[in-house]
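Protein chains in written order, with our numbering: chain A, 31 to 680; chain B, 407 to 956.
To be clear, the hints were calculated from the coordinates, so they are not data collected in a lab. Treat each hint with caution, since some may be false.
As the list claims (entries may be wrong) - The list that follows gives simulated cross-link-like pairs (lysine to any residue, SDA-like), each with its CA atoms no further than 20 Å apart:
#1 B:LYS467 to B:PRO491
#2 A:LYS520 to B:GLY903
#3 B:LYS935 to A:ASP500
#4 A:LYS142 to A:HIS484
#5 B:LYS913 to A:ASP500
In this text the structure is predicted, and so the values were computed from the model without any measurement.
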Amino acid sequence: VENVRLVDRLSSRRAVVGTLYLTATHVIFVENGSETRKETWVLHSQISSIEKQATTATGCPLLIRCKNFQVIQLVIPQERDCHDVYISLIRLARPVKYEELYCFSFNPKLDKEEREQGWKLVDLHEEYNRMGVPNNYWQISDVNRDYGVCDSYPTEVYVPKSATAHIIVGSSKFRSRRRFPALSYYCKGNNASICRSSQPLSGFSARCLEDEQMLQAIRKANPGSDLIYVVDTRPKLNAMANRAAGKGYENEDNYSNIKFQFIGIENIHVMRNSLQKMLEVCELKSPSMSDFLWGLENSGWLKHIKAIMDAGIFIAKAVAEEGVSVLVHCSDGWDRTAQVCSVASLLLDPYYRTMKGFMVLIEKDWVSFGHKFNHRYGNLDGDPKEISPVIDQFIECVWQLMEQFPCAFEFNERFLINIQHHVYSCQFGNFLCNSQKERRELKIKERTYSLWAHLWKNRADYLNPLYRSDHSQTQGTLHPQITPCNFLYKFWSGMYNRFEKGLHPRQSVTDYLMAVKEETQQLEEELEVLQERLANLQKAQSGNNKVKSKQQDQSKQFGLYTSNNSLANTPQEYSSDLKSFPSRSPSQGDEDSALILTQDNLKSSDPDLSANSDQESGVEDLSCRSPSGGGCLPSEDSGKDSDEAVFLAG
Amino acid sequence: MEFAELIKTPRADEAVLRCPFQPALQGTLCLTGHHLIFSSRRRDSAEELWLLHSDIDCIEKRFVGSLGTIIIKCKDLRIIQLDIPGMEECLNIASSIEALSTLDSVTLMYPFFYRPMFDLLEDGWSSFLLEQEFELLSSETNEWRLSCVNEEFSVCPSYPPLVIVPKSVDDEVLRKVALFRQGGRFPVLSYYHKKNGMAMLRSSQPLTGTNGRRCKEDEKLINATLRSGRRGFVIDTRPLSVAQQARAKGGGFEQEVHYPQWRRIHKYIERFNILQESFIKLVEACNDQSHNMDRWLSKLEASNWLTHIKELLTAACLAAQCIDREGASVLVHGSEGTDSTLQVTSLAQIILDPRCRTIRGFEALVVREWLQAGHPFQQRCAQSAYSNSKQKWEAPVFLLFLECVWQIHRQFPCSFEFNEQFLIMLFEHAYASQFGTFLGNNENERAKLKLPQKTMSLWSWVNRPEELRRFQNPLYEANSLVIWPSVAPQSLQLWEGVFLRWNRPSKFLDEAEEERINIIKYNKELQAKVNALRRQLAELEAQEVVQEEP
């Protein structure tokens, strides 16, 4: 469709004209005119809603909201075209078969071997070995070999050595969806562990001997402690309501030596609505500070984030400080349980704060234990009530921790944003389906590529420059501040407003330090080369040198000289690399920094992300963001009579 | 008066000091004329706390049996607790602290007694003279002149002796204009934008009154700053309704009929007393120990502090935009021209002028736009957020300015030569200091107090290389461009460095800063090494060529 206008969300006056293309996998908008022909690519799988608004004189507006928080407003001249686009997108954004998803057509030009290598990057078997199991207390159980006991669990499950197959199967029958207690994290230092399960089918009074034995087995696997915590991550009221349906929670009287604890994390429906409310705040056109803070508070989002963090902190403390094992569950044990176990693991084990370790963590607590990616993130058309930002919340918890512990993580914010993007993108096979069983049946590993390999290949982009493996923050358990700590939880504009570049710091400290570190590395190399050459030269001068060797030396020098020449230019080259520092690139002379700085896109290897760059002037941003209400200062050609009206609107 | 008279109990042993995030310390408490000193008895690491009495905002007493507790709330927002055994001692000490921290006479303040322990490299009192500023300006344009019409502080008591005004306007005109502006604050040059020759002026409100009095000289003065055929903008920091009400009290605003070449824009910046209320509420919210997330956000919202930040930044950006983008001159004023006016003019300069983003340039800005321009520091900073005595002149006007600078700094972390600590240091010294810089309400008072002769300037201390090092931003790369900050709510944050400074452990953040410094330091060292080797190599190669040639 031609002559489509892409409207800037913040100021309805500004729009670019271009052509809209629909392909099998993407919506592509290509700008007319400008020499760069800027392109905006949106994956169909990212589209969360499409809204056709009332036709105006200029055309038919179409609002596309994306799951990665991008909002695109298009105006299509002909109503009929708009309708066609609308109908096509509705169909394309809601595939019904896995085969329609992008990952089955996405081809990064890797051969079969590279693909297989990619899938091997994260190996859970290796991970459990790293934790120190199997050992005297824990073993691999093969009861779930053919997904016979629990179809949402992985085939390899780690259980206490004293838990026989009989106990496991018995316990599984007493748990929702047969998700019996299994090992999530084992602390080598003190034998304490984190186990996970679903709720017991206790109703008001039901008991299960095997389940009681199972919990006892978990306790025995930690000889240093004579009790275990059972953490129910639900609000108490929800858990009690479940009893009426024959589900519920453990009765302390029936289990020996357990300590039962509720931690009130709300359910997926509350979280979905909370995010919805927060996004409405983010979408406000020019909110006042009160609108924003009030809306943020009203959404309850940060309160929920804090609840998840508090649960993680509680468990990490029990394991690290008290040396007590913890069994975590919610209802089905695949949402809140996954959040809480992974936050606790992240706090406990510095390995999970490395790039590789973080991939392993998501693979372990989310992918392998049957977090329902397909349902929660709506990859295939399904029940909208199943959709909920569960992993988004976990990712945000990590970001909140990064803000408190700037040196503790090997990766940076961009890494998190990319993972969030790909949870929804369906470009890679990792997060497809609802369980390991389904993924095996679909032969995901043979037919798609792994996100982890893709991220690993570009890991230089995702490094936190402040991370040092020998830094104190990268050792041992992290202890976030518990009280008072409300103010520590902040709105993450880098995520929820990430496509509005104008809102973000115009200079990125991370990028700057990464560039400095890169230069440092080059300098180190050059230093070595120079020292070597100097030594050679001195040797050559001191000794009686033959012409031959001298020529050799010279030829060698020549080669080095050219490379040296390029190295000598590094400071300049480095400055032109560094778009965010216009002062260093004289070519961009008189323009305003804001104009240049906003061109500093999310530096990313993903075309999907970087193509959405928004080159807008910070000045105009300012004027339309100002509370004077939509008034847009004419930036260059002043002197028009309308100026005053615009100014005085404030 | 002898301080000894006020000190009823000079010393208490067996006292316990409790600071947030630190273990309680046992030790001895001493009171001197200007300090509260606490030294721990631990022999291994003798820890000492020196607290200026003038830094104490208020104290509270509590008794449990004979154990007294004094809670000291400081102007830098820190709260410390002292446990003192013995009711009488405790009461004596509390009343002594109270008396010493609320001395009436300026000349009894610590700066008059402070003797520096460092060599004076440069006298800060004469570091930033308007003459130097004018010299710089003269190299760009000859449209302005230095006027000493206010030499005796007779034309405007709150202006400095020297001001910069349009060349075509003589002192006689200035005297007449002064009568037409509140407090005699006639329009003077605040900033000259080299790029396009546009000027920013500041003044107080015109005294038009209800019958629309006009002053030809005033019109002449501000029109003299316009290029022929160009228009200017008057940015009034009050809403139109307030400006209109001001007429009833003899104030007013520039009316279009008399100033046809000027367009008036009203931008609402809260008056200082509202800001003080907001400050108190915010600090209360930050010190709230409850666990409820909702209450924190609603309290933050209710304090309105960030709203003020947003409004102020917006107004400053607008002024900057008029100058840089519209190519127009700007006159900024509110009512008195000593608070919101200065906030706007100084922030606009941060945005426009790269020099103001250097340490030296920022100091010059504070001197020029705040101290010399007559911001009443002594009134505004007499008390901070804890004081319960209701005095009506206190307001965090300067703090709000510093926070706005911090907000811009956060958005352009590589464009400022100074770091956050520099801004925090200025906040502290504005409220309590051993230096005389922030004493007095204007240059007139400072001259009468003979501050330059009797006290040390803050700048003499700050600009020493060893102090400067602490305030340098390792990421700084001179950026000659205009920097336009975002004023969207998503882009503004609470200034944790000030408001949560004592409520959060800063260890991890400090470590991160240290890493940043080290990364850059190492890079610079390597650069130096590589350059040295390159030179050495070039020399050797040159020798080689010489050897080879014969």
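Consistency of the hints with the structure:
Among the hinted pairs, LYS467 (chain B) with PRO491 (chain B) is consistent with the structure: their alpha-carbon atoms are about 13 Å apart, no more than 20 Å. As the CA atoms of LYS520 (chain A) and GLY903 (chain B) are separated by approximately 15 Å, the hinted pair is consistent with the 20 Å bound. At most 20 Å may separate the alpha-carbon atoms for a hinted pair to count; LYS935 (chain B) and ASP500 (chain A) exceed this at roughly 25 Å. Proposed proximity of LYS142 (chain A) and HIS484 (chain A) is supported: the alpha carbons are some 15 Å apart, at most 20 Å.
Among the hinted pairs, LYS913 (chain B) with ASP500 (chain A) is consistent with the structure: their alpha-carbon atoms are about 17 Å apart, no more than 20 Å.
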